[in-house]
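Visitor: As given, the protein sequences belong to chains P and H, one line each in that order. First residue of the first sequence: 33, per the working numbering; consecutive thereafter. First residue of the second sequence: -13, per the working numbering; consecutive thereafter.
The reader is advised that the hints may include incorrect statements.
[To be verified] Under the rule of at most 30 Å between Cα atoms (straight-line distance), these lysine-lysine pairs were calculated in the DSSO-like manner:
no., chain 1, residue 1, chain 2, residue 2
1, P, Lys94, H, Lys280
2, H, Lys531, H, Lys518
3, H, Lys448, H, Lys518
4, H, Lys91, P, Lys44
5, H, Lys128, P, Lys44
[Stated by the list, open to error] Cβ-to-Cβ under 8 Å is the rule here; a few derived chain P residues that face chain H:
no., residue
6, Gly46
7, Ile77
8, Gln91
9, Lys94
10, Gln95
11, Ile100
12, Asp107
13, Lys130
The set of hints was computed from the structure by calculation and includes no laboratory data. Being a predicted model, the structure only gives us computed values, none of them experimental. Where is the CB? At the ideal position from N, CA and C, for every residue including glycine.
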Amino acid sequence: MRHTISVLVENKFGVLSRVSGLFSGRGYNIESLSVGETIDPNISIMTIVTSGDDQVIEQITKQLNKLIDVIKVVDLTEVDHVEREMILIKVAPKREDKAEVLRLVEIFRGKVVDSSPQTYTIEITGDEKKIEAFVELMKAFNIKEFVRTGKIAIAREGVK
Amino acid sequence: MKRTGAQIVIECLKREGVKHIFGYPGGVVLGIFDLLYDDKDIQLVLTRHEQGAVHAADGYARSTGRPGVVLVTSGPGATNTVTGIATAYMDSIPVIVLTGQVPTKLIGNDAFQEADIVGITRPCTKHNYLVKDVKDLARIMKEAFHIATTGRPGPVLIDLPKDVLGDKTTFHCPDKVTIRGYNPKYEGNRWMIKQAANEIQKAKRPVIIAGGGVVHSDASKELKELAELTEIPVIMTLMGLGVFPGTHRLSLGMPGMHGSYYANKAIQESDLLIAVGIRFDDRVTGRISSFAPKAKIIHIDIDPSSIRKNVRVDVPIVGDAKRVLKVLVEMLKEGGKVQWEAVRKAWLKQIEKWKQERPLSYEFDENIIKPQFVVEKIYELTKGKAIISTEVGQNQMWTAQFYKFDRPRTLLTSGGLGTMGYGFPAAMGAQVAHPDKIVIDIAGDGSFQMNIQELATCVTYKLPVKVAILNNMYLGMVRQWQELFYAERYSYSHLDTVPDFVKVAEAYGAVGLRATKPSEVEPVIKEALKVKDLPVVMDFIVDWKEKVFPMVPAGGSLDEMIFGEEKKEKKKLRAVK
Ligand SMILES: Cc1ncc(C[n+]2csc(CCOP(=O)(O)OP(=O)(O)O)c2C)c(N)n1
Ligand SMILES: [Mg+2]
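So that you can see chain P by itself, here it is in the shape it has in the complex (with noise of 0.2 Å):
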């Protein structure tokens, strides 16, 4: 099964080695992972996600507690939590097809943050389905680049 694991790690060098030869040298697999400072500087948020059975999760979350600078791991999929993603695209839709993209783009709530005579630049966010869905459509418009964020994810209040 899938998991979405917040880790908070001191912001030192070398940290995300730490964290990703963890998970390379046991085997375990990423999915995506995001990293960035919180509000406290010395303190860094990782959000991964990764798959495994129980026991394979169970084990990612006490190697992850058991290096040094890990201070915190939380497994938000035992909780009620949101999750989200950030994509750009950069499509090249036929002149007739222009409009049908930025109306998706409306339906999407996405945004247009670039565009050239042949391309528009599309920002999307939200959930792993709105984001499927909104790639998915957008394969019939000649999709000439994409990236993405990989997921961050916070758990609701009152339910931690």
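Model the placement of chain H with the ligands on the given structure of chain P, informed by the hints.
Guide: Same frame as chain P, but now just chain H with the ligands:
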């Protein structure tokens, strides 16, 4: 007064009570070496290879319980420590490795003798540091010792760039370490311990398996109390040998691939396994799906990730073995008067029957030296009181089987990584810590050659380490597998050229002795034990055909032991990946 980084390193080591460092010099650490030149409190033992230095520090640590310290230069000096570090890591041994590094400005430039040792050792240290500012140095030194020696111990590496060692700062060493991400849990959950006590009260065929964690937590006394109170037999993993007296009526010796028949039988038939400080290595469990099929499992370990990593666990207890066992024994005593002897009678009788059925044994021969005979004689002549190290291979397994360890920290052996070349330098480190004890490396002819250069170190420092080579002219354990599982195709396991070890010893200025007949074994050992100020190499020319039995073929279940009698069947056995 301001001090240089190098001075701070030395000062911090002194504050940690360090008396010996094992090391090897080179460009970037000369600043530290210069201070050691006339230091009165710290002696550096100059090994002949950095790998030897780490194993020596490891042997020092295993035999004393105090951390061993290593000091080497950057680049090749640092990379030479990797096998030693990985060995210590797998067996949870506190070792502090100080490596020199090129100046901070040059890091990343492929400078002369630059190696990213922090990157290289990240997966085989408990933690490691690159010191970028001399102001952090004292704190890092303090943290390193703290991390290495607390919780589940392990090696910690500190990489010291040359400029940091030369930079000056006001020395300030914190008295306390606070690391928010590191808080080992020592007290076990009382409710869980109560569950364990209940299970013990209910169990009909319980057995204790004790491992290296019991050594680290110094819990032998508590373990013995538990076993004797409840009349539960005790099995010890390779890392645990000695935590419970091997000569005790309740001892069943070692389980697993080359464990005793009765230990493996007891596990497979038991209804309750009380595992203390073990990590259920595959060499111990055999095929997991058929491991201890009838047993509930209580698992006590300080490392939460050891629990449920390999086997299912019914009562998990995270905590320090000593404290948990203490509470457990108290609870069992409070639980009222149980007639443990009566309760246990049938089970102990069954175990006794297994012991009679298939004791650990070998066939003595008057004409050719059996390796097991050498181990037995060493046991006899040292009255079981020596510190024994081993290499890896058959020599290691025969030592585990035939030397009865009665006290913890008397067997030094590379269990997790299985590092050939470990035993001799480890023995050397133990001898530095215990100048008056008898320290013997029971070696293989292959393994000894992997760190044979340390003979020079032993001669220099007058360390009377004894090496007993079970010389079979083979990579014996490899040969054994080839005989049993690869249709006797001895691919590259014969050591065509084995040096004359007696002459090698003499060339180094050590004492060399040889025995070629069983009758010479005892005199040679006695002769060796008389030597007090030089290393001694005993070359025992043993029966090269001898194999280690019982054996559970890799991937087999603990019930599927072979005993070496089923010659006709052996062709049928196949290696299982
Ligand atoms: C550094 C290293 N390389 C390879 C091995 C694989 N290996 C395990 S036992 C063994 C043979 C050891 O030979 P020897 O030291 O003569 O011991 P014996 O088995 O003959 O007692 C080998 C090659 C190992 N354990 N360690
Ligand atoms: Mg050999």
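Visitor: Please go over all the hints and tell whether each is borne out by the structure.
Guide: Hints, verified against the model:
1. A C-alpha spacing of about 28 Å is found between lysine 94 (chain P) and lysine 280 (chain H), which places the hinted pair at or below 30 Å, so the restraint holds.
2. Note on lysine 531 (chain H) and lysine 518 (chain H): the hinted pairing is violated, with a Cα-Cα distance of about 34 Å set against a maximum of 30 Å.
3. Of the pairs offered as hints, the one joining lysine 448 (chain H) and lysine 518 (chain H) holds, with about 8 Å between alpha carbons and a cut-off of 30 Å not exceeded.
4. Annotation: proposed proximity of lysine 91 (chain H) to lysine 44 (chain P) holds, straight-line Cα distance about 19 Å (limit 30 Å).
5. In summary, the hint linking lysine 128 (chain H) to lysine 44 (chain P) is supported, as the alpha carbons are separated by about 18 Å, within the 30 Å threshold.
6. The criterion of a C-beta within 8 Å of any C-beta in chain H is met by glycine 46 (chain P), whose closest approach is roughly 7 Å, and the hint holds.
7. Annotation: isoleucine 77 (chain P) was flagged as interfacial toward chain H, and the flag is violated, the nearest CB pair being 13 Å apart, outside 8 Å.
8. Interface hint at glutamine 91 (chain P): satisfied, since its Cβ lies 6 Å from the closest Cβ of chain H, which is below the 8 Å cut-off.
9. Against a cut-off of 8 Å between C-beta atoms, the interface hint on lysine 94 (chain P) holds, since the closest Cβ of chain H lies about 4 Å away.
10. For glutamine 95 (chain P), the interface hint holds, since its Cβ comes within 8 Å of a Cβ in chain H; the closest pair sits about 5 Å apart.
11. For isoleucine 100 (chain P), the shortest C-beta to C-beta distance to chain H is roughly 4 Å, which falls under 8 Å, so the interface hint holds.
12. The beta carbon of aspartate 107 (chain P) is not positioned within 8 Å of any beta carbon in chain H (closest approach about 14 Å), and the interface hint is therefore violated.
13. Below 8 Å, beta-carbon pairs count as interface contacts, and lysine 130 (chain P) has none with chain H, the closest being about 48 Å; its hint is therefore violated.
Hints 2, 7, 12 and 13 from the earlier list are contradicted by this structure; the remaining hints agree with it.
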